[in-house]
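Chemist: What follows is each chain in one-letter form.
Protein chains: 2
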Amino acid sequence: MPKLLHFPLDPYSRRSRLALAEYGEACTLAEERPWAPTQTLFDYNPSGILPVFIEDTGFAVCGIEALSEYLEETRGGRLNLLPGSALQRAEIRRLVAWFDVKFYTEVSEPLISEKVLRRFLSADNGGGAPDMARVRQARHLLKSHLDYVSYLVEENSWLAGDDLSLADLAAAAHLSAIDYLGDMPWAEHPVVKSWYQRIKSRPSFRVLLQDNIAAMPPAASYADLDF
Amino acid sequence: MPKLLHFPLDPYSRRSRLALAEYGEACTLAEERPWAPTQTLFDYNPSGILPVFIEDTGFAVCGIEALSEYLEETRGGRLNLLPGSALQRAEIRRLVAWFDVKFYTEVSEPLISEKVLRRFLSADNGGGAPDMARVRQARHLLKSHLDYVSYLVEENSWLAGDDLSLADLAAAAHLSAIDYLGDMPWAEHPVVKSWYQRIKSRPSFRVLLQDNIAAMPPAASYADLDF
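Protein chains in written order, with my numbering: chain A, 18 to 244; chain B, 18 to 244.
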């Protein structure tokens, strides 16, 4: 069975788990801790970046960009996460990059670094209490991203059109990590909440809802489908 | 004719120009300045990120991730920049992400921000003299990336194997921007230099070698094929 090297709260690892479940591909999970990466991770991926997907042959597919396209090429068919014409696929990939680059830089990275990584890093490696100015700035920028998600799902059933796509999985992977931390202002964004309820109810999401990092349990309503 | 919104020293815009030339696709160029983006850019791409490729139909493909795949899907055939099996394509995409994420964060972004953007930004938007500590740190990290490029091209003719691929274009786009700034230590990395000479001699590279930003001419040997 293939294996995935991942960290539960890493948005890119989360999207890979969602995509694998949507494609119906079983795999074993091996947890990495970004604050203490193993030699195994570097042996497979010299950049040390997660996720890494290891085929039964031993071949490793490294990083979210390569893995998303690889899974679509090798596991797509019954279901495609990059459906449609070249133009529609370009729109899906534009939105995936929106979340993986812009949203990550402005929201996910500061929240996860300040609230998770700094908790586990030693003091001489940047560990300690969160920098609350960075946390507040990320929470502030989160709002305009949620307005953009509202705009998109008011236009269509799913983020990039009538079909579920990698764009929905990318957005849900980032937002669910932030929801784990208790930083999602659901009440102020009912349209986003309604879209998230639909995706959270999919069987592929179950594995994410069981996440529980040692010494850092999820926010109260994280696993609740009626949040 | 299609149009590309670009900035000459943006590594992602550079790679798009190289890819378009390799595919044999002519397009007009419209220059954007990252320190003063136009409303036109935001109208096409709400994230304001370059490059943006506009088809004759008016449809815009936004961002390097979507554009690279879109061009391969619509302009590939005679030449492919993502050649080979799913596994080979995964290796190309791994290396593209190495340059677009890791190399960009550690080297291109600090060098371009400090030496180019700060020169054109107003003082209250972060303009001013370069932060030389960031410049020195980027130059230091550049060396280990060049060691990695040496290792890759000692193994194969091109970065990801026997064929030119998007990985070579990604690396060359970043390195050529740094070469423009005069920060490439060619003498210390003869294997990288030999690979770069081969790619710099390709017809697709000519348009990049004509780049000349107002008030900021390229380093002396930038356009020289015998550097």
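Because the hints were derived from the structure by calculation, they are not lab data. Computed from a predicted model, the values in this text were never measured in an experiment. One or more hints might be untrue.
No copy is singled out in the list; a pair is fine if it fits within one copy or between any two copies.
Unchecked claim - Result set (DSS-like, lysine-lysine): computed pairs, CA atoms no more than 30 Å apart in a straight line:
#, residue 1, residue 2
1, K160, K20
2, K119, K160
3, K210, K20
4, K210, K160
5, K210, K119
6, K20, K132
7, K160, K132
8, K20, K119
9, K132, K210
10, K119, K132
Chemist: Now tell me if each hint is right for this structure.
Modeler: Checked hints:
{"no.": "1", "hint": "K160 x K20", "result": "neither (36 Å within a copy, 33 Å between copies)"}
{"no.": "2", "hint": "K119 x K160", "result": "both (13 Å within a copy, 28 Å between copies)"}
{"no.": "3", "hint": "K210 x K20", "result": "neither (32 Å within a copy, 38 Å between copies)"}
{"no.": "4", "hint": "K210 x K160", "result": "within (13 Å within a copy, 47 Å between copies)"}
{"no.": "5", "hint": "K210 x K119", "result": "within (21 Å within a copy, 33 Å between copies)"}
{"no.": "6", "hint": "K20 x K132", "result": "within (28 Å within a copy, 43 Å between copies)"}
{"no.": "7", "hint": "K160 x K132", "result": "within (19 Å within a copy, 33 Å between copies)"}
{"no.": "8", "hint": "K20 x K119", "result": "both (29 Å within a copy, 24 Å between copies)"}
{"no.": "9", "hint": "K132 x K210", "result": "within (23 Å within a copy, 43 Å between copies)"}
{"no.": "10", "hint": "K119 x K132", "result": "both (19 Å within a copy, 23 Å between copies)"}
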